[in-house]
Amino acid sequence: MLNFISPHLAINYFLLAFLTIVGALQFVAARHKLVGLALVGTVWRPAWGCLLAVVLIVGAFVCFFADTPEVFVPGLAGSELALLFGAAGVCALAFTLIVSSVVHEVQHRERSDPKAGGRLCQEAVSLQQLRGTLYLPEDVASLKDEPRAAICALPGLSEETPSTHPLVANLTEAGFIVLAVDWGPQEGIRYPAVLGLLPSAVAYLTRRDDVNPERIGVLGIDLGGDLAIRSAATDPQIAAVLAMAPFLDQSNTKPGLSILKEMSYLEAIRWSSFRRRGELVAELAVLDSISRLGSRSWLLIYGDQDGIVPVEKARATLDEEVAREKLKSVPGEGHLSLPCSRATSSLVARWFKTVFSDQYSV
Amino acid sequence: MMSLDFQLFQWINNLAGHNAFVDGLARLLVNEYFFTTLMSLTLVAFWFEGQDQDQRERNQRAVLRAIIALFVANIVLKLCNLIYFRPRPFVDHEVNLLFYRPTDSSFPSNPATVGFSLAVAIWLYNRRLGALLLVLATLFGLSRIYCGVHYPLDVIAGALLGGLSAYLVVRKGRFFDPMISLVIKVGHRLCLA
Chain F
22 MLNFISPHLA INYFLLAFLT IVGALQFVAA RHKLVGLALV GTVWRPAWGC LLAVVLIVGA
82 FVCFFADTPE VFVPGLAGSE LALLFGAAGV CALAFTLIVS SVVHEVQHRE RSDPKAGGRL
142 CQEAVSLQQL RGTLYLPEDV ASLKDEPRAA ICALPGLSEE TPSTHPLVAN LTEAGFIVLA
202 VDWGPQEGIR YPAVLGLLPS AVAYLTRRDD VNPERIGVLG IDLGGDLAIR SAATDPQIAA
262 VLAMAPFLDQ SNTKPGLSIL KEMSYLEAIR WSSFRRRGEL VAELAVLDSI SRLGSRSWLL
322 IYGDQDGIVP VEKARATLDE EVAREKLKSV PGEGHLSLPC SRATSSLVAR WFKTVFSDQY
382 SV
Chain Z
6 MMSLDFQLFQ WINNLAGHNA FVDGLARLLV NEYFFTTLMS LTLVAFWFEG QDQDQRERNQ
66 RAVLRAIIAL FVANIVLKLC NLIYFRPRPF VDHEVNLLFY RPTDSSFPSN PATVGFSLAV
126 AIWLYNRRLG ALLLVLATLF GLSRIYCGVH YPLDVIAGAL LGGLSAYLVV RKGRFFDPMI
186 SLVIKVGHRL CLA
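Residue numbers (this note's numbering), protein chains in the order written: chain F, 22 to 383; chain Z, 6 to 198.
One should not assume that every hint holds.
Within a straight-line C-alpha distance of at most 20 angstroms, the following computed EDC-like cross-link-like pairs (lysine to aspartate or glutamate) qualify [claimed, not checked]: (1) F/K54 x F/E126; (2) Z/K190 x F/E300; (3) F/K275 x F/D325; (4) Z/K177 x Z/E62; (5) F/K54 x Z/E99; (6) Z/K190 x Z/D59; (7) F/K347 x F/D270; (8) F/K334 x Z/E99; (9) F/K275 x Z/D59; (10) F/K54 x Z/D57; (11) F/K374 x F/E194; (12) F/K334 x Z/D109; (13) F/K334 x F/D309; (14) F/K334 x F/D270; (15) F/K275 x Z/D57; (16) F/K374 x F/E235; (17) F/K334 x Z/D57; (18) F/K54 x Z/E62; (19) Z/K83 x F/E194; (20) Z/K190 x F/D270; (21) F/K275 x Z/E62.
Hints are computed from structural coordinates only; laboratory data are not their basis.
Working from the sequences, and respecting the hints, build out all of it.
What follows is the structure in structure tokens.
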């Protein structure tokens, strides 16, 4: 039978365990940059997280010993201690995950720029299976005389994945026509139907007068990267492919705890709930498709802080020589922040420019 | 053997009562709350520790095996207590008692069993953290002698019992693997492992 001796002792021990476990979680969050566990906003300032951890742990012990005279008389036995510590652990974990999700959400709202997208010249595209937005460069009037290179951009497949807007803006500024393709509703995304998405976008672009059909590239992010590689392997009209943080392998679609480096816990659960992601990656067989790209230009980009597909893991999946030549990592960026970073945007625009200017001028 | 045990006990316990600060510190460390909570916290942190998934899974296996080792050691300890009862030092001798008077058997030491089962299990996976936990477990055991509630032999027996349980669970307890793998798999699905 459990005997908690006195409610005061039991409550105080529960509070001690609760606060110290929250402190331990903050220490871990700061050490491994786990935003999904961090209570002090962004853990990119690890010192704050460590400070909070020390304050919570030391403070909880001091308060416990100062306020609990029962410590020095016969007290809780091992089973009661284990039960209270376990219960406090569950509560502390739930508290940390919920509060950090709220903090993350608030910070995310503060960071998002509602005016983004206002300056670009764009038109909606809606043709049978294809839905998307076409972005044209500022010198749109001269396009008829001089057809341009075009890029099909396919974003990541989840609400947590940020938009391709910064990339699109940079590419149009560099003179490219960009077609940002929509995946459509998640429940409708199935193999092999999904294979028709990029070829129909490429076909749409080749029919346009302002696009040079020999200079069409694809840019895919996250699962879009896997699909871009697979589509390029079978569609000879795609002249260049750039995949940003593709999964490459089915095992990378189950990142476990590492996903908390990228997003809050509630977002992580929502992200993980799309179970078909793993099946799609397996069916797309990206590694086989890479070998079928032949002499066409292609590049993989990862953030070196990617918590979903670690760059080392992606590198290990590829041949050593291929990885050295075709895989670039962007310092300081994660899976979700990669498409939003200026370094990535300029790298992408520069790469497409180089690829197409090797053959033609953009 | 018992005489040597008592001599050693006297040597350590006679250090008590001379320095108020050291006595106060010993009273703080000797109770059931400080070291056990600190060691449990280390396990919590160790669960989330690791640079990549493989390293983290290894650490999580260490944590789960440490918990199993603790459970196994406690069962053996209860059986020992049923078979053999050794009175506490303060029952038969005049001692410097800095703690309350526990009524259960002195042999083997329960705190030493708990401390060493956790510490040795972690040590078998991670030498640095394991060494830190071994220091904590040793301090825990020594503080029990210093405060007059255990003989050295009780602490040594508890350490051996805890250490042996940990060794057997970690090195020979392959039949725990399916259960451990299941827990880690569920944790992985919940984005917590």
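Status of each hint after checking the structure:
1. Restraint check for F/K54 and F/E126: the C-alpha separation of about 17 angstroms stays at or below 20 angstroms, so the hint holds.
2. Between Z/K190 and F/E300, the direct Cα distance comes to roughly 18 angstroms. Compliance with the 20 angstroms bound is thereby established for this hinted pair.
3. Proximity of F/K275 to F/D325 is assessed by CA-CA distance (about 18 angstroms); at most 20 angstroms being required, the pair is judged to hold.
4. Using a Cα cut-off of 20 angstroms, the hinted pair Z/K177 and Z/E62 holds, with the two alpha carbons roughly 19 angstroms apart.
5. The straight-line distance between the Cα atoms of F/K54 and Z/E99 is roughly 55 angstroms, outside the 20 angstroms bound, and the hint therefore fails.
6. For the hint pairing Z/K190 with Z/D59, the CA-to-CA distance comes to about 13 angstroms; that is within 20 angstroms, so the pair holds.
7. Our distance criterion of 20 angstroms between C-alpha atoms is met by F/K347 and F/D270, whose separation comes to about 17 angstroms.
8. Of the pairs offered as hints, the one joining F/K334 and Z/E99 is violated, with about 64 angstroms between alpha carbons and a cut-off of 20 angstroms exceeded.
9. Proposed proximity of F/K275 and Z/D59 is supported: the alpha carbons are some 13 angstroms apart, at most 20 angstroms.
10. At most 20 angstroms may separate the alpha-carbon atoms for a hinted pair to count; F/K54 and Z/D57 meet this at roughly 13 angstroms.
11. Taking the CA atoms of F/K374 and F/E194, the gap is near 12 angstroms; set against the 20 angstroms cutoff, the hint holds.
12. For the suggested pair F/K334 and Z/D109, the alpha carbons sit about 54 angstroms apart, so the restraint of at most 20 angstroms is broken.
13. Among the hinted pairs, F/K334 with F/D309 is consistent with the structure: their alpha-carbon atoms are about 17 angstroms apart, no more than 20 angstroms.
14. Distance restraint check for F/K334 and F/D270: the Cα-Cα separation of roughly 10 angstroms lies within the 20 angstroms cut-off, and the hinted pair is therefore satisfied.
15. As the CA atoms of F/K275 and Z/D57 are separated by approximately 13 angstroms, the hinted pair is consistent with the 20 angstroms bound.
16. Among the hinted pairs, F/K374 with F/E235 is consistent with the structure: their alpha-carbon atoms are about 14 angstroms apart, no more than 20 angstroms.
17. Restraint check: the Cα-Cα separation between F/K334 and Z/D57 comes to about 9 angstroms, which is no more than 20 angstroms; the hinted pair holds.
18. A hinted pair counts as satisfied when its Cα atoms are at most 20 angstroms apart, and F/K54 with Z/E62 qualifies at roughly 18 angstroms.
19. Using a Cα cut-off of 20 angstroms, the hinted pair Z/K83 and F/E194 is violated, with the two alpha carbons roughly 75 angstroms apart.
20. With a C-alpha separation of about 19 angstroms, the suggested pairing of Z/K190 with F/D270 holds against the 20 angstroms cut-off.
21. Proposed proximity of F/K275 and Z/E62 is supported: the alpha carbons are some 14 angstroms apart, at most 20 angstroms.
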